[in-house]
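Can you make the complete structure from the sequences, with help from the hints?
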Amino acid sequence: MAPQAQSQRSPSPSQPSGKGEVSDLKMQLRQLAGSRAPGTDDSKRDLFKKVISYMTIGIDVSSVFSEMVMCSATSDIVLKKMCYLYVGNYAKYNPDLALLTINFLQRDCKDEDPMIRGLALRSLGSLRVPNLVEYLVGTLGAGLKDGNSYVRMVAAVGVLKLYHISASTCLDADFPALLKHLLLNDPDAQVVANCLSALQEIWGVEASSSEEAAREKEALISKPIIYYLLNRIKEFSEWAQCTVLELVSKYAPPDSNEIFDIMNLLEDRLQHANGAVVLATIKLFLQLTLSMTDVHQQVYERIKAPLLTLVSSGSPEQSYAVLSHLHLLVMRAPMLFASDYKHLYCQYNEPFYVKKLKLEMLTAVANESNTYEIVTELCEYAANVDIPIARESIRAVGKIALEQYDVNAIVDRLLQFLEMEKDYVTAETLVLVKDLLRKYPQWSHDCIAVIGNISSNNVQEPKAKAALIWMLGEYAQDMQDAPYALEGLIDDWEDETSPEVRLHLLTAVMKCFFRRPPETQKALGSALAAGLTDMHQDVHDRALFYYRLLQHNISVANSVVNPTKQAVSVFADTQSSEIKDRIFDEFNSLSVLYQKPCYMFTDKEHQGSFAFSEELGNLSIGVDDQRVEANDEDLLLSTRKEDSLPQQTQGALVSLDQNEPAAAHAQQTNSVIDDLFGLGLSSSPSSSPSPLLKLNAKAVLDPTTFQQKWRQLPVSTSQEGSISPQGVATMTTPQALVRHMQVHYIHCIASGGQAPNFKLFFFAQKTDEPSNFLVECIVNTSTSKAHIKIKADDESASQAFSALFQSALSKFGMA
Amino acid sequence: MLQCIFLLSDSGEVMLEKQLTGHRVDRSICAWFWEQSVSQPDSFKVLPVIASPTHYLFQIVREGITFLACTQVEMQPLMGIEFLCRVADVLSDYLGGLNEDVIKDNFVIVYELLDEMIDNGFPLTTEPNILRDMIAPPNIVSKMLSVVTGNTSNVSDTLPGATSSCVPWRTTQLKHANNDVYVNLVEELDAIINSDGVLVKCEIFGVVEVNSHLSGIPDLTLSFANPSILNDVQFHPCIRFRPWESEKVLSFVPPDGLFKLMSYRVKKLRNTPIYVKPQMSSESGTCRLSVMVGIRNDPGKAVDSLVVQFQLPHCVSSANLTANHGTVNILADKTCSWSIGRIPKDKAPQMSGTLVLEDGVEQLQVKPTFCVGFKIMGVALSGLKINKLDVKNLPTPAHKGFRAQTEAGQYEVRS
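Heads up: the protein sequence lines correspond to chains E and U, in order.
So in our numbering the end of the first sequence lands on 819, straight run, no missing numbers.
So in our numbering the end of the second sequence lands on 422, straight run, no missing numbers.
Keep in mind that the hints were calculated from the coordinates and are not lab data.
Incorrect hints may have been included.
Stated by the list, open to error - Distance condition first, Cα-Cα at most 25 angstroms in a straight line; then the derived DSS-like pairs of lysine-lysine:
{"no.": "1", "chain 1": "U", "residue 1": "K267", "chain 2": "E", "residue 2": "K238"}
{"no.": "2", "chain 1": "U", "residue 1": "K392", "chain 2": "U", "residue 2": "K382"}
{"no.": "3", "chain 1": "E", "residue 1": "K308", "chain 2": "U", "residue 2": "K275"}
{"no.": "4", "chain 1": "U", "residue 1": "K267", "chain 2": "U", "residue 2": "K395"}
{"no.": "5", "chain 1": "E", "residue 1": "K308", "chain 2": "U", "residue 2": "K255"}
{"no.": "6", "chain 1": "E", "residue 1": "K54", "chain 2": "E", "residue 2": "K96"}
{"no.": "7", "chain 1": "U", "residue 1": "K374", "chain 2": "E", "residue 2": "K360"}
{"no.": "8", "chain 1": "E", "residue 1": "K467", "chain 2": "E", "residue 2": "K360"}
{"no.": "9", "chain 1": "E", "residue 1": "K346", "chain 2": "U", "residue 2": "K274"}
{"no.": "10", "chain 1": "U", "residue 1": "K399", "chain 2": "E", "residue 2": "K238"}
{"no.": "11", "chain 1": "E", "residue 1": "K698", "chain 2": "E", "residue 2": "K713"}
{"no.": "12", "chain 1": "E", "residue 1": "K426", "chain 2": "E", "residue 2": "K467"}
The structure is reproduced here in structure tokens:
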């Protein structure tokens with residue numbers, strides 16, 4: 005699935021390798037390089053075009069680099085542009101040759117045409133060759149002070165490029181301060197916007213290591229800057245407006261007057277033609293009013309119209325992105341959208357994903373006043389050509405029925421579906437009727453009359469079949485031929501592929517047996533017999549269970565199989581409200597489109613900058629109080645060693661080497677503790693690659709040293725680990741894991757976060773030498789995964805330590 | 008922050024690659040993407056935003072060309088999608104349409120445009136008017152010029168004035184021999200008529216297009232006779248918000264050339280100009296179908312280019328349909344299209360015939376949806392009327408022109 009990391013230069017088989025052509029080009033370029041004859045530019049241009057077109061289709065033309073550079077002495081701007089493009093693409097792989105280009109780029113940076121100055125500066129920044137940064141610094145400095153805004157605008161982004169090539173050079177030249185000056189004083193809005201983007205990124209990264217940068221980052225969302233930007237908002241381009249609005253949404257105004265001021269100022273942004281601006285504004289409004297319930301509601305009312313217009317105005321792709329956001333809002337406050345249900349009607353040629361969102365929203369907004377119309381509309385889709393949509397809409401009708409108290413009409417509709425005699429319609433409807441009956445048993449009479457007419461032969465889908473069988477069992481006394489229908493199904497036991505259906509069949513025939521014993525006895529016998537020989541473990545077990553239950557006591561069996569049931573009042577929601585809230589907090593981000601909060605899908609590496617020092621400050625320092633506990637655990641160890649069953653693999657539950665000097669080193673003791681109750685499932689550390697690594701039980705490291713080391717050391721290992729479900733279950737706070745790791749002589753220096761995301765910093769020391777291991781561990785309890793980053797004083801031991809850490813982690817929750 | 012933009016042809020070939028940041032995005036992502044989209048039976052079903060194992064991808068498809076953008080960081084999704092849409096618009100504007108050949112022929116221009124539109128992942132200028140100043144579009148005139156004068160540069164030598172002016176959508180020194188401005192109301196009627204013949208939804212989505220060729224920096228004021236009917240509006244950045252808020256007039260300094268001044272929505276229309284009445288009755292394996300079309304509310308102008316389209320259900324094995332006016336075509340994918348053209352005065356167009364169902368199917372259970380297309384020139388069905396257009400700050404009086412038209416948008420009739 006993953007794109008292989010194949011070389012970008014390898015052309016696909018369908019394309020020519022272009023070797024001959026490239027050497028041809030090389031020759032021709034060389035001939036032109038020195039020529040000053042008129043018309044040279046034209047022939048150069050043709051050649052450059054060819055080179056670029058080869059580059060575009062993926063042929064490696066880096067071999068003509070020096071010829072390209074030689075030809076670059078020209079006044080023709082198109083030639084220059086093509087040359088810049090080419091150089092930018094290959095400089096990274098030919099740093100030595102890139103040096104050749106510096107000369108002409110620097111000269112162009114002093115050209116009298118601002119466009120050429122800008123272009124040259126942009127290309128110079130795009131070379132991305134670390135040892136050429138010295139040439140960049142001076143040019144950038146001049147660029148930032150250039151008289152023309154186009155050049156300044158390019159230079160601002162150039163600073164960011166420089167920062168990514170060499171952060172220290174960028175900081176040493178004091179560029180951030182220059183950018184900040186421009187941010188606050190430049191007359192051109194685009195320059196301001198570029199400075200803002202660059203500063204946000206630079207300080208965002210720097211904030212983790214420098215307090216000053218962290219302060220500067222904070223200062224960006226201070227009142228003066230926010231107000232300064234807001235006052236100029238109309239000068240910015242639409243894209244820059246998005247950036248500014250996003251920044252403002254991080255600002256928390258101290259009082260409600262300010263909130264109203266900001267909203268009044270920005271209200272017209274809701275009318276902007278660019279959907280991104282509208283959505284950014286909506287996010288800001290929602291964030292600002294979060295604590296003011298009544299205003300928040302008014303905001304919903306206000307943003308409704310722009311959102312609905314955006315949905316109908318854009319291309320399908322845009323409407324989808326907007327609809328996803330609308331979906332989120334509708335789910336949060338369905339009643340506010342109840343009158344707009346007609347906008348959510350599906351159009352015939354909309355893509356499936358749009359229709360599905362609309363159906364979900366229609367379901368949510370249904371209330372007493374509009375149910376009838378919505379259900380009528382949904383029933384139209386049931387007859388639709390598009391089968392997946394037909395299914396979805398039947399499900400939607402069912403969901404509405406489960407929500408509403410006035411189900412009378414809806415039940416009739418559902419029963420009409422059954423008369424349509426189409427497989428998938430019948431199948432979906434059966435499942436729904438079953439759910440309905442569980443909630444409203446009073447409707448059983450009407451439903452059963454219709455269900456009774458359905459021949460089980462016409463129902464093929466396992467879910468539907470299971471639903472039908474459930475109803476046959478549950479309402480056996482009302483359905484004349486229930487026992488015989490069941491009998492027929494049991495006769496086909498062999499052909500029934502779905503274990504779910506077979507399980508339901510067993511239960512149904514039991515229920516039926518207690519209601520109409522004489523008619524069902526034979527069927528029950530054959531069902532149990534078939535069940536006992538069934539290959540599927542669950543089916544076999546259930547059959548055996550019923551069999552023994554019947555043997556044991558018939559009346560007990562009856563009370564087990566046919567207890568008095570209470571009607572289900574609410575069916576469980578699939579997504580927790582906490583997750584929904586989180587998605588709401590991430591409004592106007594990808595989270596909304598994926599319908600997942602970002603921690604569930606983004607890679608930590610790329611989540612932008614992580615403010616280390618700041619976080620460390622907020623985290624609880626949990627070293628001292630736990631040392632005592634660790635000692636306690638040590639004591640525990642020695643007493644209970646006898647009953648422990650260290651394991652090696654999942655399969656070999658009891659194979660062991662008890663002779664092993666268990667307490668000899670840390671890992672061993674771990675396994676002992678964790679397996680106190682013999683429950684451990686994962687592999688034991690006895691298979692650890694380096695039994696030589698011993699950790700100091702009384703390791704000490706103060707937070708400042710930790711921070712310093714963390715900043716200095718490179719990451720030696722970074723990997724994913726998994727945590728057992730039991731561990732996850734106990735992990736309501738990070739402390740549980742902290743205590744667990746303590747036992748393994750891995751100490752926690754700081755921890756924090758809220759379920760389901762925790763972040764912990766650990767350290768450990770070798771026993772015999774003061775060599776430290778530092779660990780950052782990000783645990784996500786919803787996926788049971790931990791992301792581990794290890795830094796070590798002694799790189800060579802980091803592998804061994806990593807294995808040790810992983811094994812310790814994997815046993816979390818086992819003891 | 009976008010990291011890379013790819014343009015893919017309709018066979019999945021990478022036509023163009025523009026790396027935007029230092030984090031190089033490998034081309035193999037396109038192969039992954041293509042596999043995903045091919046594995047979907049209907050390419051229309053690929054979500055606009057998907058996650059690959061390494062990147063998050065935005066994609067839009069225009070005329071068979073896929074615009075693919077990659078990112079690894081959280082960003083505003085609409086910014087990505089909207090930007091790609093803008094790129095597509097600008098390219099098709101520049102190249103006079105979008106297709107594989109035109110992009111391959113002009114890839115240098117495409118690179119130049121992308122270079123100005125986005126830098127290091129931040130969108131910069133997407134106003135076509137400004138881009139046009141920086142990079143001249145390839146057209147016959149410039150081709151001629153280049154042949155005659157020998158100067159083939161399509162990049163203007165000067166920076167556009169607008170990059171430094173306070174009206175970013177307009178260049179400062181514009182001179183036209185004839186000053187004229189045209190205002191065009193283009194409306195789309197979206198309607199759903201359900202199987203009982205009830206109009207469940209009917210609304211208008213409209214755009215005010217302005218084509219302006221005015222010298223200097225003119226100041227325009229456009230007012231409507233009945234602005235209260237507008238339910239929601241969206242404005243081009245050039246419109247000043249205050250006058251609209253207080254007096255419902257549009258006051259603006261226009262960009263040069265054609266642009267969308269505003270778009271609007273009018274809800275709850277009570278009537279549609281035409282009726283389309285399908286009738287179906289099945290009996291023992293065949294289904295009689297008849298569709299009648301006619302004028303319900305005379306809009307005052309001729310209803311033109313009338314087309315009724317529908318998808319034959321899968322269980323139909325053959326169809327025999329004839330019309331008393333216009334032509335009926337049944338395509339290979341079972342789409343039936345009845346082109347009527349202009350509704351005749353003397354008779355009501357009708358299409359009728361039989362659908363033969365597959366063996367074993369007695370009744371037609373799946374009901375097709377009829378999509379209707381039409382065009383009415385000279386009328387804005389929402390009833391929106393332009394009151395007057397004032398042009399100030401102009402040395403010579405300008406010629407003003409107004410037009411209106413209504414088309415069917417999503418107009419569907421269910422049976």
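Within a Cα-Cα threshold of 25 angstroms, do K392 (chain U) and K382 (chain U) meet the stated pairing?
holds (18 angstroms)
Mind checking the alpha carbons of K467 (chain E) and K360 (chain E) for me, to see if they're no more than 25 angstroms apart?
holds (21 angstroms)
Is K374 (chain U) close enough to K360 (chain E), meaning Cα to Cα at most 25 angstroms?
Within the cut-off at roughly 20 angstroms; holds.
Holds or violated: K346 (chain E) and K274 (chain U), Cα atoms, limit 25 angstroms.
holds (10 angstroms)
Tell me if the straight-line CA distance from K267 (chain U) to K395 (chain U) falls inside 25 angstroms.
Between K267 (chain U) and K395 (chain U) the Cα gap is close to 18 angstroms, so the pair holds against 25 angstroms.
Just to be careful, I want the Cα atoms of K426 (chain E) and K467 (chain E) compared with a cutoff of 25 angstroms; is the pair within it?
holds (16 angstroms)
Between K308 (chain E) and K275 (chain U), is the straight-line Cα distance small enough, at 25 angstroms or below?
holds (16 angstroms)
Check the hint pairing K399 (chain U) with K238 (chain E) against an upper bound of 25 angstroms on the C-alpha distance.
Cα-Cα ~23 angstroms, so holds.
Given the hinted pair K54 (chain E) and K96 (chain E), is their alpha-carbon gap at most 25 angstroms?
holds (21 angstroms)
Quick one, are K267 (chain U) and K238 (chain E) close enough, alpha carbons at most 25 angstroms?
holds (18 angstroms)
Would the pair K698 (chain E) and K713 (chain E) pass a check requiring their Cα atoms to be no farther apart than 25 angstroms?
Roughly 21 angstroms separates the two Cα atoms, so the pair holds.
CA of K308 (chain E) to CA of K255 (chain U), is that 25 angstroms or under?
Roughly 20 angstroms separates the two Cα atoms, so the pair holds.
Of the numbered hints given earlier, the model fails none.
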